[in-house]
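Participant: Chains as they are written, first to last, in our numbering: chain A, -17 to 226; chain B, 50 to 429.
In short, the hints are calculated from the structure, not lab data. From a predicted model like this one, the values you see are computed outputs, not experimental measurements. Just so you know, not all the hints are guaranteed correct.
[What the hints assert, rightly or not] Here are a few chain A residues that face chain B, going by a calculated C-beta distance under 10 Å:
1) Ile56
2) Tyr89
3) Leu115
4) Gln117
5) Thr160
6) Asp161
7) Asn190
C-beta: ideal position from N, C-alpha, C; glycine also.
Listed here are the chains, written in short residue letters.
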Amino acid sequence: MSAVSEIQNAGNGAVGNRNIVVQARGVSKIFRRDAFEVTALDNVSIDIAAGEFVALMGPSGSGKTTLLNMIAAIDRPTSGQLLVLSEDIFLLNDEQTARWRNEHVGYIFQTFNLMPVLTAFENVELPLLLTNLTQQQRRDHVTTALRLVGLGDRMHHLPRQLSGGQEQRVAIARAIVTDPTLIIADEPTGDLDSHSATEVLEILKRLNENFQKTVVMVTHDPHAASYAHVVRHLEKGMLLPIGG
Amino acid sequence: MTLTHFVTKNAFRNKRRSLLTVGSITFSLLLLTLMMTIWRSFYLDKGSEDSAQRLMTRHKVSLANFLPEFYRQRIRSIPGVTHVVPITWFGGKYKDDKAENFFAQFGTDPTEFFKVYTDYKIPPEQAAAWQHDRAGAIVDEHMAKKYGWKVGDKITLKGTIFPMNLELTIRGIYNPPTSTDTLYFDAKYVEESVRWFRGSAGLFASLADSPQSVGRVATTIDDAFRNSPQPTKTESEKAFLLGFISMLGNVKAFILFICGAVVFAILLVSANTMAMSIRERTREVAVLKTLGFPRKTILALFIGEGVTLALVGGLIGSLGATGLVGLVAKGGGFFAGLSVTPGTMGVALLVAGLVGFLSSFAPSYTASRLNIVEGLRHIG
Ligand SMILES: Nc1ncnc2c1ncn2[C@@H]1O[C@H](COP(=O)(O)OP(=O)(O)OP(=O)(O)O)[C@@H](O)[C@H]1O
Ligand SMILES: [Mg+2]
Chain A
-17 MSAVSEIQNA GNGAVGNRNI VVQARGVSKI FRRDAFEVTA LDNVSIDIAA GEFVALMGPS
43 GSGKTTLLNM IAAIDRPTSG QLLVLSEDIF LLNDEQTARW RNEHVGYIFQ TFNLMPVLTA
103 FENVELPLLL TNLTQQQRRD HVTTALRLVG LGDRMHHLPR QLSGGQEQRV AIARAIVTDP
163 TLIIADEPTG DLDSHSATEV LEILKRLNEN FQKTVVMVTH DPHAASYAHV VRHLEKGMLL
223 PIGG
Chain B
50 MTLTHFVTKN AFRNKRRSLL TVGSITFSLL LLTLMMTIWR SFYLDKGSED SAQRLMTRHK
110 VSLANFLPEF YRQRIRSIPG VTHVVPITWF GGKYKDDKAE NFFAQFGTDP TEFFKVYTDY
170 KIPPEQAAAW QHDRAGAIVD EHMAKKYGWK VGDKITLKGT IFPMNLELTI RGIYNPPTST
230 DTLYFDAKYV EESVRWFRGS AGLFASLADS PQSVGRVATT IDDAFRNSPQ PTKTESEKAF
290 LLGFISMLGN VKAFILFICG AVVFAILLVS ANTMAMSIRE RTREVAVLKT LGFPRKTILA
350 LFIGEGVTLA LVGGLIGSLG ATGLVGLVAK GGGFFAGLSV TPGTMGVALL VAGLVGFLSS
410 FAPSYTASRL NIVEGLRHIG
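With the rest of the complex left out, here is chain A (with noise of 0.2 Å):
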């Protein structure tokens, strides 16, 4: 706990506690496995603004997918301390994590990750399943959604009758369906071609800019991160300075 209060205070600092959605303190993550170890983050620190559009990019094997994983509960730090919306979410148990997650992330990856069972409407209702919403609500919840990426007329196609460019508009309605405060992207045009690429570009750029999401991308492409705000570096799990 008194680690938790150090950092707060550390924070109200020159930009409020409350404008800070990610702010991590010296964050390092090392897999072990068998004899070998492998230092995936090392001493990590960062700031995230809300309203921020944070490009993340490096090399392959430079931990970017590691931060990301920290930031949206999916993995613990191995040390450091690490306030995503001011909570201190490794206190949590694992329903709490779970809970959390739905509630304040939407979490984008390369491959889509559809459901292959159920039809884009389904896919983008299945994180309102366990929320306390009416039938009728969560309709109306998930049309919003996928007309906002532009597929009202695709909302009754399985995954495989889609290209890559509207699966993955599919799972950015998925991401953004409950609402959330942060928005994480796994090089999310990395399976697609320029012109799905700039499309779902396009529309982060609108959820940062007209909904006040706080996004964090991971790309390894310069036209992805000149979306960005703000583009970080990292190599061999140190973050590099801004402009380093």
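The hints should help you fit chain B with the ligands onto chain A, whose structure is shown.
Facilitator: Showing chain B with the ligands alone in chain A's frame:
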């Protein structure tokens, strides 16, 4: 969409595999339902009320030994006994040796027969006609239909145990609670022609005054003849019929063994299927968890899938068994009166549900504990 809907879609996502799993559960549960139905009819059914009051007295040594005719009066004098008739197996041949021409034939006393077999229905004028014709016979409704017999028809039964042929006229068609394909005739017909059979009877059927007195009456009868050259063995009609079945061997153990083997086999089959089908979806599980699905929901989703598949198979299987038993029972004979009760079906569905639960529990539990990072890195 609801979570139930999601479960159903997942359960049938791989058409061929679901079909095979449901199919194997269907056939197993069909067999199980059949076995349970036979078990129920053998060991749990008390028979009709009247049947429960009926006692069969036979020679202690074997069914092939005759009892003296005078035992009838002695049995009749025992308190609690209301009526007694002799019943003697004739074992004659109708037409030929073909199985479809085999049926039971018993010599009895027509004047008292319906006082012991109170649950057998026959028009009074037919019963009277039988009692007045020493060469008369009665047959049950089912076999009359099967052989196309009408009242007044003549049939011949060639003796195999007794050195004589019976030239019988059908005088009546009776209707028993469950059809047994049995012909009854007047035992005097045999006694008149076969000298050595005079004063004998195969066994005696008697009616007790209440189901409660059956046990006491049985011991009293056997006690009365204990020290005579022909000691007896008396038991309820149901137990007597079961005696025939147990001559086939340890039927109880056999049925239990089959049921056990069937349940064990489907447990293995569906456990394997569920494990495979869940392992294939490791990545999907990780995605669900990323979306915020908690452990217990994941556990419920996958167990729900296993139970759904098993219940569908169980339902088809027990319905199939119901139809099959109905068909077989219509054929009369040994399986007449057999039917799948709602209780038996309930037990079958319960077993199916349990198999679904047990077979999916371990892989579902593993899935619910899956580490998200590992799951997302999973290729496949
Ligand atoms: N669950 C794990 N077990 C063991 N090692 C891991 C695990 N997850 C990541 N690593 C290792 O940690 C390092 C960082 O991995 P990470 O996935 O974060 O890299 P990345 O920057 O996302 O790479 P890419 O661009 O290829 O996606 C790598 O060396 C990787 O092998
Ligand atoms: Mg990565």
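Participant: The structure should be examined with respect to each hint, and the outcome stated for every one.
Facilitator: Structure-based check of each hint:
Given hint, Ile56(A) at the interface with chain B, holds; its Cβ is 5 Å from that chain's nearest Cβ, closer than 10 Å. Because the closest C-beta pair between Tyr89(A) and chain B is about 5 Å apart, less than 10 Å, the hint holds. Interface hint status for Leu115(A): violated, as the beta-carbon distance to the closest one in chain B is roughly 12 Å, over 10 Å. The restraint placing Gln117(A) at the interface with chain B holds, with a minimum CB-CB distance near 8 Å, inside the 10 Å limit.
Interface restraint check: Thr160(A) against chain B, minimum CB-CB distance 8 Å, threshold 10 Å, status holds. About 13 Å separates the beta-carbon of Asp161(A) from the nearest beta-carbon of chain B, more than 10 Å, and the hint is not met. Annotation: Asn190(A) was flagged as interfacial toward chain B, and the flag is violated, the nearest CB pair being 21 Å apart, outside 10 Å.
The earlier numbered hints that this structure contradicts are 3, 6, 7.
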